[in-house]
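Colleague: Sequence:
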Amino acid sequence: MAGARRRGWALAAAIGVVLAWSCAAAQSLDVKRFEQSVVRVVAALTRDGADAGSGHGTGFFIAEEHVLTNNHVVTLGGAADQVPGTTITISVRGSGTAETHKAELVWASKELDLAVLKVPGMQRVPLVLSTAPPRDYPTKGMAVWAIGFPGLGDVVMSDKDEQASATVTRGVVGRVGIGTGGEEHKRRAVIQHDASINKGNSGGPLLDSCGVVVGVNTFLPITILEIGQDSTGGYKAYGTTNTGVFASPHIASLLAAAQAAPPLKDVRMVTTADPCREEATPPALYVGIGAAILIAAGAVLLALRRGAGKRAIESYSHWRRRRGVRTGALGDRTMPPTRLASLAASIGDWVLAGTGAEGKSYRFVLGAERLGGAVAGREKGILIGRIERLADFVVDGPGVSRRHARIAVRADGSLSIEDLDSAYGTRLNGQALTPFQSASLKAGDVIEIGDAKLTLERAA
204 MAGARRRGWA LAAAIGVVLA WSCAAAQSLD VKRFEQSVVR VVAALTRDGA DAGSGHGTGF
264 FIAEEHVLTN NHVVTLGGAA DQVPGTTITI SVRGSGTAET HKAELVWASK ELDLAVLKVP
324 GMQRVPLVLS TAPPRDYPTK GMAVWAIGFP GLGDVVMSDK DEQASATVTR GVVGRVGIGT
384 GGEEHKRRAV IQHDASINKG NSGGPLLDSC GVVVGVNTFL PITILEIGQD STGGYKAYGT
444 TNTGVFASPH IASLLAAAQA APPLKDVRMV TTADPCREEA TPPALYVGIG AAILIAAGAV
504 LLALRRGAGK RAIESYSHWR RRRGVRTGAL GDRTMPPTRL ASLAASIGDW VLAGTGAEGK
564 SYRFVLGAER LGGAVAGREK GILIGRIERL ADFVVDGPGV SRRHARIAVR ADGSLSIEDL
624 DSAYGTRLNG QALTPFQSAS LKAGDVIEIG DAKLTLERAA
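Using my numbering, read the sequence shown as starting at 204 and increasing by one per residue.
Keep in mind that the hints were calculated from the coordinates and are not lab data.
Since no wrong hints were added, every one of them can be taken at face value.
The calculated DSBU-like cross-link candidates involving lysine-lysine, where the alpha carbons are at most 35 Å apart (straight line), are:
1. 343 / 389
2. 645 / 563
3. 468 / 656
4. 583 / 656
5. 343 / 313
6. 235 / 321
7. 468 / 402
8. 468 / 343
FRET-style restraints, in silico, Cβ to Cβ:
9. 568 / 474: 30 to 38 Å
10. 380 / 552: 56 to 64 Å
11. 616 / 564: 22 to 30 Å
12. 378 / 656: 40 to 48 Å
13. 380 / 649: 38 to 46 Å
14. 643 / 599: 23 to 31 Å
15. 638 / 381: 28 to 36 Å
16. 381 / 345: 18 to 26 Å
17. 646 / 389: 42 to 50 Å
Heads up, the beta-carbon is just placed ideally off N, CA and C, and yes, glycines get one too.
Start from the sequences and build out the full structure, keeping to the hints where you can.
Modeller: In structure tokens:
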């Protein structure tokens with residue numbers, strides 16, 4: 204019994220560690236996940252066929268092959284308009300890589316200082332955009348994150364490989380109000396914050412702690428430092444130090460413009476109106492973790508005393524069988540065998556196949572018996588996600604949630620799919636699904652989950 208108790212306390216401690224890790228993780232941004240959607244935008248100036256300079260800013264994917272940035276980044280502040288015979292070539296470089304793609308200007312607004320580029324052949328997971336009203340979200344005091352390519356970062360990191368990596372800064376929202384950022388700019392909602400941004404950050408995303416875009420890093424209302432070289436070749440900073448007040452126009456400006464701009468009609472952006480639920484303050488967090496450990500320890504010890512130790516640490520496969528889904532067979536005590544046999548016959552066999560990130564191939568067989576058994580079980584269908592213990596079919600990639608989508612069978616024997624409120628959403632034939640609302644499936648339908656595009660077909 205003493206050994207069992209020790210094992211019980213060890214298991215309780217492990218549970219506490221997992222709880223502490225998950226709570227701490229929820230308080231900070233998963234930077235590696237979201238920076239892959241942020242790119243460096245480079246504009247090169249050519250005059251009479253000769254190189255006449257260049258500049259760079261930041262952009263981020265808002266849809267497949269579409270990047271949002273600032274208008275002044277891609278026009279180099281209007282340089283092409285100032286001197287006749289001048290042209291500007293735009294290119295995009297992914298974060299963490301040296302690959303460069305030519306970009307096409309799809310839409311631009313000088314008043315909003317926004318521009319949308321199309322980058323053919325460049326695949327990145329689009330960031331989710333907040334549709335919450337600016338007056339309601341983000342709220343004063345909440346954490347925000349800026350990701351981009353400030354010029355100061357390039358000076359600090361002289362190695363070209365390091366310069367390819369984006370810079371991340373964190374701050375809090377000071378307030379949200381109405382501003383312009385210049386006489387030529389339209390009045391719009393602006394987020395004041397102290398997440399440090401500098402020249403080169405222009406066009407980059409301002410994110411909440413859930414990775415949802417709330418603003419576009421555009422300008423600094425206070426004088427910023429200019430970087431230059433002195434006579435010895437050393438870098439010097441000139442100007443007035445910023446006081447920690449930075450400004451980012453709310454993403455609502457883009458969403459409003461997209462409603463009226465014909466070039467953006469077919470740009471499928473992913474949006475959400477849900478606020479990011481930040482975790483409790485550290486004291487409350489620690490109290491909660493301690494209480495969870497004690498409760499878990501008590502429960503484990505009680506189970507051990509009653510001789511149920513195996514059930515407390517049962518495997519996932521055992522748990523699946525206990526909840527009502529039989530492996531490899533159609534059957535469940537909650538549905539009569541005759542009804543299950545009829546359902547299986549009406550469903551038939553299907554295959555979901557396609558490719559995902561880095562060309563990885565997927566082929567999932569939706570056999571009639573497996574579908575019927577899944578529908579009869581607790582989950583009421585087959586789950587698709589990125590975590591094996593939580594999903595029946597596993598799809599890899601940063602845009603895939605742990606429990607992403609569910610394929611189910613309707614009463615008439617037809618298939619349906621439902622998004623499970625995933626972070627990046629599920630698309631059916633290019634259309635975003637509304638979370639928890641099922642949509643009909645038929646042969647030839649294309650399901651998009653993260654980077655994966657899967658086509659549903661009848662099994663041969």
